[in-house]
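Engineer: Let the sequences and hints guide you as you build the complete structure.
From first to last, the protein sequence lines stand for chains L and G.
Numbers 1 to 293, taken from UniProt numbering, label the letters of the first sequence in order.
Numbers 1 to 984, taken from UniProt numbering, label the letters of the second sequence in order.
It is worth saying that the hints were derived from the structure and are not from the lab.
Wrong hints could be hidden among the right ones.
If we take Cβ atoms under 10 Å as the criterion, some of the chain G residues that face chain L in the derived model are [claimed, not checked]:
(1) Gln625
(2) Gln629
(3) Glu675
(4) Leu752
(5) Arg778
(6) Arg819
All C-beta atoms in this analysis are idealised placements derived from N, C-alpha and C, irrespective of residue type, glycine included.
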Amino acid sequence: MSNLTVLLFLSTLLFSSSFAFQSDELLLDDEEFGLEGGSHPRSPEPVTSDSPPKQTPSIRRRYSDPDLDSKIQFTLEHAFGDSDFSPAGTFSARLKTWSHGGQTLTKLRFSRNEFSDEEKYAFQTLLKGDDFYRIRLPSNVVNPPGREYVIASVRARCLPRDGLDEHIVIHMDGANILAVSYGSPGACPYPRQLKLPAKWTFNSHTILKSGEQAPRTPIFTEEILGSSENKEGEAEAPVERSFWAKYWMYLIPLGLIVMNAVTQASNMAEEQPAGSQGQAPAAIQRGSAPRRR
Amino acid sequence: MAMAVRVYLLLFVFLSSAIVSFSLYEDQVGLMDWHQRYIGKVKHAVFHTQKTGRKRVIVSTEENVVASLDLRRGEIFWRHVLGTKDAIDGVDIALGKYVITLSSQGSMLRAWNLPDGQMVWETSLHSAQQSKSLLSVPINLKVDKDYPILVFGGGYLHAVSAVDGEVLWKKDFTAEGFEVQRVLQPPESSIIYVLGFLHSSEAVVYQIDSKTGEVVAQKSMVFPGGFSGEISSVSSDKVVVLDSTRSILVTIGFLDGDISFQKTRISELVEDSGNAEILSPLLSNMLAVKVNKRTIFVRVGGNGKLEVVDSLSDETAMSDSLPVADDQVAFASVHHEGSKIHLMVKLVDDLDNVLLRESIQMDQHRGRVHKVFINNYIKTDRSNGFRALIVMEDHSLLLLQQGAIVWSREEGLASVTDVTTAELPVEKDGVSVAKVEHTLVDWLKGHMLKLKGSLLLASPEDVVAIQEMRMKSSGRNKLTRDHNGFRKLFIALTRAGKLFALHTGDGRIVWSMLLTSPSNSEACARPSGISLYQWQVPHHHAMDENPSVLVVGRCGSDSSAPAVLSFVDVYTGKEISSSDIAHSVVQVMPLPFTDSTEQRLHLIADTDGHVHLYPKTSEALSIFQREFQNVYWYTVEGDDGIIRGHAMKSSCAGETADEYCFTTRELWTVVFPSESEKIISTLTRKPNEVVHTQAKVSTDQDVLYKYVSRNLLFVATVSPKGAGEIGSVTPEESALVVYLIDTITGRILHRLSHQGCQGPVHAVFSENWVVYHYFNLRAHKYEVTVVEIYDQSRAENKNVWKLILGKHNLTAPISSYSRPEMLTKSQSYFFSQSVKTIAVTSTAKGITSKQLLIGTMGDQILALDKRFVDPRRTLNPSQAEKEEGIIPLTDSLPIIPQSYITHSLKVEGLRGIVTAPSKLESTTHVFAYGVDLFYTRLAPSKTYDSLTDDFSYALLLITIVALVAAIYITWVLSEKKELSEKWR
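Structural biologist: Below, the structure written as structure tokens:
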């Protein structure tokens with residue numbers, strides 16, 4: 001096994017050595033990996049966009065890593081309005097191959113080329129016309145461009161703040177790029193105002209996103225349901241409810257009836273004697289009525 | 001504690017009332033709903049009229065229906081809808097009591113009892129390969145008390161007992177690749193002749209013993225030219241077939257087992273020869289050939305000589321031959337002449353002898369005659385009479401007898417492709433459609449009856465009277481708009497390209513119109529219907545302008561075929577205008593703009609990537625130019641697994657002079673990895689959906705803002721392996737991934753993968769939520785998942801002070817280019833049924849709570865409250881949550897039998913459910929289509945804004961009158977008493 005890996009390493013080394021100096025330099029970068037998605041405005045690097053698609057020079061294996069782990073590089077290309085795409089930056093990342101065959105991209109970092117004068121001019125034209133600034137990435141990072149490029153675009157007026165702020169979200173599925181979201185990191189309110197950037201440097205934020213797994217549908221077996229019901233029953237049974245709490249609905253009407261009865265009874269009681277004595281005053285009244293007239 | 005008890009009580013009352021609100025009482029059936037049963041376009045028809053009793057015809061249709069129809073009235077005696085993949089190949093009657101159907105390319109043979117349609121037996125036949133299938137029921141072949149049925153399909157010839165469906169013998173032809181064309185049985189012989197072709201160049205005749213299935217003799221002969229097309233048997237020992245160039249008629253004789261060929265060039269028969277086609281393959285001693293739009297009749301002489309006897313111009317439909325009395329054979333032909341059709345029944349031997357000649361006035365909107373089936377009967381004067389069953393171009397089925405249309409069935413409605421709604425005309429003064437039918441006495445009487453009914457005092461006769469009154473009540477069938485918006489038109493487009501307007505009151509056809517191509521060219525005589533759009537809905541001039549719909553049709557099945565646009569007046573059903581458009585139609589996009597006449601602007605995308613603006617007026621163009629920058633659209637390339645977003649670029653002036661044509665450019669792409677994901681379903685929100693509130697207040701007085709965007713696309717993908725049938729893959733191999741994609745920027749807002757799950761995915765998208773249904777391979781159950789999206793970027797608007805001080809950003813325009821901050825909540829439940837389609841109720845203002853309408857496998861529609869698919873459900877909801885109406889979480893969704901809105905009915909072959917709001921907020925129209933049509937009105941939260949039909953106005957009136965009287969009487973009495981007291 002170790003023989004094989006050594007052989008592999010040697011062959012890759014041999015292979016990569018035939019491709020100039022560039023890849024070595026990138027290996028040095030490896031040491032400072034860890035800043036994920038950080039912004040790295042840096043000097044433009046010469047990036048060969050016409051690198052052979054099958055075996056990129058940057059794929060190389062490291063000794064120390066037990067998993068198959070290769071370094072990978074792919075280019076971001078941009079276009080101004082309807083112009084052709086040209087290289088605009090480089091993503092470098094580590095491609096981790098898991099034992100079960102899955103691949104994930106980790107430790108992504110991005111180096112953005114600075115705008116040349118021509119590009120600045122083109123961008124200014126875009127700003128004036130509120131036109132689209134478009135970017136694209138290969139849909140497969142192992143053998144770019146894969147099936148097709150993944151394109152995203154934004155109205156150019158959304159980007160300028162102090163510098164040029166961009167926010168790139170790359171949706172990954174293994175080694176495939178599904179889609180890329182591109183835009184300003186904040187809001188871009190609709191009547192887009194024309195604003196030229198103070199600095200022509202990019203302030204890039206990149207995020208790698210892979211989809212989430214759906215949670216399993218909870219399965220409540222009969223037991224659990226039954227036990228929970230039991231528990232509820234147990235929980236509720238010991239709660240000592242006061243007599244009033246238990247029977248308030250019966251007590252209130254009862255009370256009302258009783259009160260009613262009492263008042264009526266008292267009325268009756270009052271009336272009874274009043275009735276017996278009342279005959280005389282009534283008669284008096286009757287008698288008095290004509291008197292009044 | 002008392003509080004808790006009260007809440008429980010309240011909840012119980014509420015829940016029980018909610019459940020009741022789904023269902024109807026028995027006497028309410030048919031009050032708001034109607035159901036229409038159809039069978040589809042008839043393929044085969046077999047008459048059964050010999051015996052006394054009910055005359056019937058057995059039909060099989062393109063919707064895979066086998067049905068028995070009453071010949072007198074056209075009603076369905078019985079019908080069976082076979083599965084969508086179980087296409088019927090042949091139908092016949094055996095033993096005079098069984099209907100035999102052969103389906104699934106000759107691998108399923110079934111017998112149904114003729115009177116009641118019960119299945120008698122079913123035999124699954126062995127089939128090894130794809131081949132044409134043939135059903136032959138010999139009339140007087142009898143093998144040891146058994147009556148064999150001969151079936152060819154899948155490379156095997158089977159003899160099946162008609163009595164019990166047992167396979168008597170089978171003969172394997174798979175090795176040779178032999179295709180049986182005809183099974184002929186000479187009378188009074190146990191030998192059957194099986195004629196067929198090997199590799200369509202060699203004619204083979206097998207003589208097979210019908211008892212054992214052994215091959216007695218076999219003869220074959222190679223025909224160098226090769227055969228093609230239909231075969232026509234002209235007599236018991238001769239067949240005629242076309243050669244592969246379709247210019248030579250080959251007569252194959254196989255007398256006594258010897259095969260002989262005889263070639264006749266068609267050019268010898270008729271002068272202007274072209275590609276020929278054999279029509280109607282069952283005429284004895286006669287052959288009908290269609291050459292250059294003419295039908296020629298060719299007689300086959302005894303020595304195999306062919307001669308032309310007659311020819312008919314124009315398109316003529318012909319029936320099979322029918323034996324009439326005295327060993328004579330007749331056939332029927334139907335041709336058009338102006339607005340009439342002419343039906344002629346002639347004797348085959350003597351074409352000049354016309355037995356019947358009838359001409360019948362025919363509705364122009366039925367198109368041409370496609371098929372004719374004839375049947376004879378003995379008239380009262382003991383002469384031969386004929387009746388003909390004809391199938392028209394719009395798929396309708398008509399029975400002609402004695403020069404009149406006895407009945408007709410609009411079978412086009414069995415294949416509805418698109419549905420939209422339309423308002424009825426406003427009732428104008430003086431144009432009263434139906435007068436007020438009740439006098440006051442009648443009205444009172446009616447209400448007294450209702451009162452009796454509601455107090456359970458009504459006698460059975462009264463109940464019948466009440467029911468009748470309800471059915472006729474309140475002019476629900478009027479052709480004018482009503483105050484509640486209950487009366488509406490459903491405009492349905494069928495596959496045959498016919499437009500129907502159905503009234504919601506009783507489902508009758510208000511008008512119908514067959515789509516025609518304006519140029520009436522050869523290539524596009526009859527475009528097929530694709531889709532329907534609301535073209536013009538007048539609000540400002542509703543009194544004097546009629547709304548119209550846009551019908552998009554296409555000439556042919558290919559998407560690059562030229563299309564036809566037709567604008568139809570909804571009130572009258574008349575075509576306002578129609579145009580052949582030069583470009584193809586891939587996608588039609590209604591824009592949210594209307595011009596001054598309230599015509600909606602539409603963009604039509606063609607296969608070249610251009611979009612075309614309609615209507616082609618300068619006003620529309622100027623409106624469109626204003627919004628040019630803000631028009632985006634997307635395309636889904638399902639086969640490649642790519643979704644592309646586009647924006648407008650410029651006018652395509654460089655290529656064409658058409659100023660209404662625009663070029664587009666690509667803005668974004670989403671590329672699904674072809675090895676792991678395949679698009680199986682995409683869905684957007686309904687464009688005309690109304691959302692009442694954007695905020696959702698949760699129990700802890702917190703506010704969540706719904707992410708309500710019209711530009712959301714729901715996409716479901718599965719692993720390519722898992723795209724097949726359920727159970728064809730292991731859970732490890734299949735995964736289902738769902739996406740929510742913003743169609744302006746191409747951002748993936750939400751991505752959720754379900755491992756071990758499989759399609760088909762049925763989804764519904766409304767407001768800020770998606771509910772989708774799929775199969776979980778691990779749990780072996782169907783699942784339903786709900787995803788709700790909330791907008792976090794507006795979360796700070798909760799502050800009341802900000803609202804008061806006007807510092808909120810609620811009125812700021814929302815841009816898709818701002819970075820969205822989403823919060824998605826999702827939850828899954830098991831669902832015990834498989835689903836055909838899902839829809840959601842829609843109401844006028846969106847206030848009423850929603851119900852999911854689930855079309856189940858049993859062709860019924862289940863109404864499920866949205867509360868059951870709420871991601872906030874928890875196992876033990878808190879007190880406050882319970883008060884809010886959150887149901888405790890269960891692992892599966894309940895199916896309450898009372899909540900089937902189709903109650904006892906079935907919408908056979910259910911394909912789609914359409915909902916439309918009425919003017920009354922509580923009520924929504926539901927229209928379901930498949931082979932059958934079903935309509936009902938639903939009130940998901942009960943009719944809280946109107947009194948029910950049952951409401952007894954009489955009781956109210958009587959109560960008021962009685963109260964007033966009582967008040968008056970007591971007043972008078974008290975006055976009197978007081979007076980008398982004062983006098984004392």
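Engineer: For a quick check of understanding: which of the numbered hints are violated here, in increasing order?
Structural biologist: 1
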